[in-house]
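Let chain S serve as the given structure and place chain D on it in line with the hints.
Quick mapping for you: the protein sequence lines, in order, are chains S and D. Letter by letter, the first sequence follows residues 9 to 570 of my numbering. Letter by letter, the second sequence follows residues 4 to 369 of my numbering.
No wet-lab data here; the hints were simulated from the structure. Among the hints, a few may not be true.
Stated by the list, open to error - Looking from chain D toward chain S, a few residues come up when the C-beta cut is under 8 Å (computed):
# : residue
1 : Val104
2 : His121
3 : Gly131
We put the beta carbon where it would ideally sit given N, CA and C, even for glycine.
In case you want the letters, here they are:
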Amino acid sequence: MSDVAARLRPPGQPLGPTVLLVVAAALPLAFLGVFFAWPVGAIMIRGVVADGALDLNGFGQVLGTERTWRVIGQTLAQSVAGTLLAVLLGVPGAYVLYRCRFPGRAAARAFVTVPFVLPTVVVGVAFRSLLVEGGALGFLGVDGGFAVIVAALVFFNYAVVVRTVGAMWAHLDPRAEQAARALGASPWRAFRAVTLPALAPAIASAASLVFLFCATAFGTVLVLGGPAYGTVETEIWVQTTQFLDLRTAAVLSVVQLVVVGASLTVSGWSRRRRESALRVQADTTTDHRLRAGDLPAVAVTVAVVAALLLVPLASLVAGSLRTSAGWGVDNYAQLATTGSRGTLEVSVWQAALNSVRIATDATVIAMLVGVAICVVLSRRPRHPGGRRALGVFDAVFMLPLGVSAVTVGFGFLITLNRPPLDLRSSAVLVPIAQAVVAVPLVIRTLLPVLRSIDPKLREAAAMLGAGPGRIFTAVDLPVLGRSLGLAVGFAFGVSLGEFGATSFLAQPDRPTLPVVIFRLIGHPGGDNLGMALAASVLLAAVTTLVIGLAERLRVQTPGAEL
Amino acid sequence: MSAAAGSRTAGGPTEEGPTEEGPSEEGPSEDGLAVCRLSVRFGRVPAVDAVSCAVRPGEVLAMLGPSGCGKSTLLRAVAGLEPTEPGAVRWDGVDLARVPVHRRAFGLMFQDGQLFPHRDVGGNVGFGLRMAGVPRPTRVARVGELLELVGLDGWQRRNVATLSGGEQQRVALARALAPRPRLLLLDEPLSSLDRALRERLASQLSDILRRTGTTALYVTHDHDEAFAVADRVGVMDHGALLQVAKPSQLWRRPGSERVARFLGYRSFVRGADLQAAVGEPLCDDLGPHDLVGLRPESLLVDPAGPVAATVLDHRLTRTGTSLTVEAGRLGAVEASAPGAHELAVGAGVRLRLEPAAIAHLPGAAP
Numbered sequence: 009m010s011d012v013a014a015r016l017r018p019p020g021q022p023l024g025p026t027v028l029l030v031v032a033a034a035l036p037l038a039f040l041g042v043f044f045a046w047p048v049g050a051i052m053i054r055g056v057v058a059d060g061a062l063d064l065n066g067f068g069q070v071l072g073t074e075r076t077w078r079v080i081g082q083t084l085a086q087s088v089a090g091t092l093l094a095v096l097l098g099v100p101g102a103y104v105l106y107r108c109r110f111p112g113r114a115a116a117r118a119f120v121t122v123p124f125v126l127p128t129v130v131v132g133v134a135f136r137s138l139l140v141e142g143g144a145l146g147f148l149g150v151d152g153g154f155a156v157i158v159a160a161l162v163f164f165n166y167a168v169v170v171r172t173v174g175a176m177w178a179h180l181d182p183r184a185e186q187a188a189r190a191l192g193a194s195p196w197r198a199f200r201a202v203t204l205p206a207l208a209p210a211i212a213s214a215a216s217l218v219f220l221f222c223a224t225a226f227g228t229v230l231v232l233g234g235p236a237y238g239t240v241e242t243e244i245w246v247q248t249t250q251f252l253d254l255r256t257a258a259v260l261s262v263v264q265l266v267v268v269g270a271s272l273t274v275s276g277w278s279r280r281r282r283e284s285a286l287r288v289q290a291d292t293t294t295d296h297r298l299r300a301g302d303l304p305a306v307a308v309t310v311a312v313v314a315a316l317l318l319v320p321l322a323s324l325v326a327g328s329l330r331t332s333a334g335w336g337v338d339n340y341a342q343l344a345t346t347g348s349r350g351t352l353e354v355s356v357w358q359a360a361l362n363s364v365r366i367a368t369d370a371t372v373i374a375m376l377v378g379v380a381i382c383v384v385l386s387r388r389p390r391h392p393g394g395r396r397a398l399g400v401f402d403a404v405f406m407l408p409l410g411v412s413a414v415t416v417g418f419g420f421l422i423t424l425n426r427p428p429l430d431l432r433s434s435a436v437l438v439p440i441a442q443a444v445v446a447v448p449l450v451i452r453t454l455l456p457v458l459r460s461i462d463p464k465l466r467e468a469a470a471m472l473g474a475g476p477g478r479i480f481t482a483v484d485l486p487v488l489g490r491s492l493g494l495a496v497g498f499a500f501g502v503s504l505g506e507f508g509a510t511s512f513l514a515q516p517d518r519p520t521l522p523v524v525i526f527r528l529i530g531h532p533g534g535d536n537l538g539m540a541l542a543a544s545v546l547l548a549a550v551t552t553l554v555i556g557l558a559e560r561l562r563v564q565t566p567g568a569e570l
Numbered sequence: 004m005s006a007a008a009g010s011r012t013a014g015g016p017t018e019e020g021p022t023e024e025g026p027s028e029e030g031p032s033e034d035g036l037a038v039c040r041l042s043v044r045f046g047r048v049p050a051v052d053a054v055s056c057a058v059r060p061g062e063v064l065a066m067l068g069p070s071g072c073g074k075s076t077l078l079r080a081v082a083g084l085e086p087t088e089p090g091a092v093r094w095d096g097v098d099l100a101r102v103p104v105h106r107r108a109f110g111l112m113f114q115d116g117q118l119f120p121h122r123d124v125g126g127n128v129g130f131g132l133r134m135a136g137v138p139r140p141t142r143v144a145r146v147g148e149l150l151e152l153v154g155l156d157g158w159q160r161r162n163v164a165t166l167s168g169g170e171q172q173r174v175a176l177a178r179a180l181a182p183r184p185r186l187l188l189l190d191e192p193l194s195s196l197d198r199a200l201r202e203r204l205a206s207q208l209s210d211i212l213r214r215t216g217t218t219a220l221y222v223t224h225d226h227d228e229a230f231a232v233a234d235r236v237g238v239m240d241h242g243a244l245l246q247v248a249k250p251s252q253l254w255r256r257p258g259s260e261r262v263a264r265f266l267g268y269r270s271f272v273r274g275a276d277l278q279a280a281v282g283e284p285l286c287d288d289l290g291p292h293d294l295v296g297l298r299p300e301s302l303l304v305d306p307a308g309p310v311a312a313t314v315l316d317h318r319l320t321r322t323g324t325s326l327t328v329e330a331g332r333l334g335a336v337e338a339s340a341p342g343a344h345e346l347a348v349g350a351g352v353r354l355r356l357e358p359a360a361i362a363h364l365p366g367a368a369p
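Chain S extracted, bound-state conformation:
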């Protein structure tokens, strides 16, 4: 290790920080190597190796079919449309919720996050319940398809844009925009010329995240798409579980990895070009009361929140309260049971407890790994080689985001079930899988904030005698404060709602809430559907509560220590 450190060390540069950086880089690399690269790699190899020899015929066969190209086209179309809409609607939302001050803002911020943490299957069911005969939008006669899926994707990803862009916006020094106004720019011109470019890193970051979520959406598409509609992700699942064609699934996984890798590279490149040290300020001083000029943004936000977010959620809650005998809480009372005809092995309450425990473990793992990665990625190496290495790291750590959770879960099953690592019967497998899924989100939440810290602030601490570790706790951590809470909330929410990988890995006697919900939906007899809706409401309530609490963890008083 010290050899490596010595070689990486620029002349005249002290040794200590470099060793710490190498360790900080090595730990998450090892984690993702074992729990991501190996399982996913094993699946990939199935696609390109036949009978112990390299065989690329599978690609020709799979890519030669019209079905594959239709699936790829639909994936790209829904991702582009979903991303554009989420950004267009989300930026005004970020402004209203993070730059304006009004009563109930904290509640509004928490509310827009709710859809994001809902299990994708439940999002699908909520939208479907709107469109079926008797639903609020039943008169449209639409039954799933492209428009509905895009609406559901925007519903799901609106919070990503609002919160990522909002966190940056809240920290933005308003004086640059004021300078533009003083130079004769109209509010709109000043926004376009000054604020928007300053927000560009956050917007690019959010857009790439949303694009990846849209491209790998699973549950939503499965429920809303219908038989004629499929994306790469659902196709992998269909091929794996319905046709048992692992080879085709593996080839499709490679295709997905290529698309995702390309989009990550493009977004990382564009982001780096624009990212610069923004002056971070205390966000308490930069917001203002709502004023007349905010009307368009407020109108857009209210419309989105009401029509896109509130209606499906209301439909979900209404459904959970609808019983065979009219309205009542019967479905909630049923949560203490194992469902009609013993559909479940444990009660829903028990599953909820499992979910919370597993998500807690997953969050701890994801935060440890994610923060270590952010520390490495936020450095600004002097040498071009170091900068290139960081660029590669940046993309590598984002890969788990784009690889389908289904692939990860399935990969775990075929690699971690035998020595040297036999974890299939271990209870740590599910939290680890969820952490792998949550890590990129933690990075995307923390990294822009860490990168916006003026490096001179760290130098000031070093000059006053703070070693690398103390610099982190004294400078980085307090600035991260709020974002750490946010990242914990995100990681916990994602873990609670994670379904793709968990569905493969959860032990039958230790299911999580989403697994139970999916099971109930799959067996819709008796009270099961009502129970599924009630359980979804429960899940939404728990996650909202947790994220609300996480937000309050942040440090507000000057001089306070984390």
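Same frame as chain S, but now just chain D:
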């Protein structure tokens, strides 16, 4: 001792290269800071090019130079914030190459303060003491003492975001001084402040550095600041250290025309020409081929003055009237007059030389 004198006897051009007072001239004492042929490169561009200098204990050395001359980079290299290649930074004779930034016990004050935004004033000033493991009661006492020193008595609980620029720099100074650094590095500490405040703070800063016996390396582009604060002043340009000397020495005997121009000498005349124009001997050692640097303050309007000149241009300044005149053999030079004068372009004026305000440069080759 004087570089100007030294190079003069050598008789060669002194335009390039560090002229004087390398560490070799510091005598056998290795106390304090010694910088030996230090270079810092950004890519292929040398930002600091083989600079050697020394700061003795208790001394304040100012590095003066235009923006981008490498003086801040030199400072950061001494702090350990820039990798150096090649060259050495030594303290009391000990090479610091392997000593990381936070173990050098140097203090650094930034141009823009760089106060920790999440800490109050007391938390900022006490930061270095906490890093050093100073027990709380001592820390509290020391913070109070320093805030008193910088004139912010009792400001411990204030939020740094609410401070004015001058107040922030006072806090930054207190913060840098609190752990009693062996060497205080100041990077344009007053440059972001307005002139009146800068002048007031410069004298206070000088006073504080003297009273605390602080050894300091002070980087600035402002002459007044450098001369107000420093025991010795170095002039840097394009990464090279041109000259280091006491302020008065630097002022009267700049080592080269480049240094003199940077100090504000705008026209240069041959010693013989000046002698002839003034009509009396100026000083003993002024050779006919030596150059004399002139500032507006060097030639004063005086009806009884020996030099006849014609006004080409004039304008009012803070201190009086500044003129450009055509003065016979001296050519177009600048002159000044105390107070506001109404002068017509083309009018004749008489000038007298102020011998204390001229620079004596080593002569060019005959």
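Which earlier hints turn out false for this structure, listed by number in ascending order?
-> none
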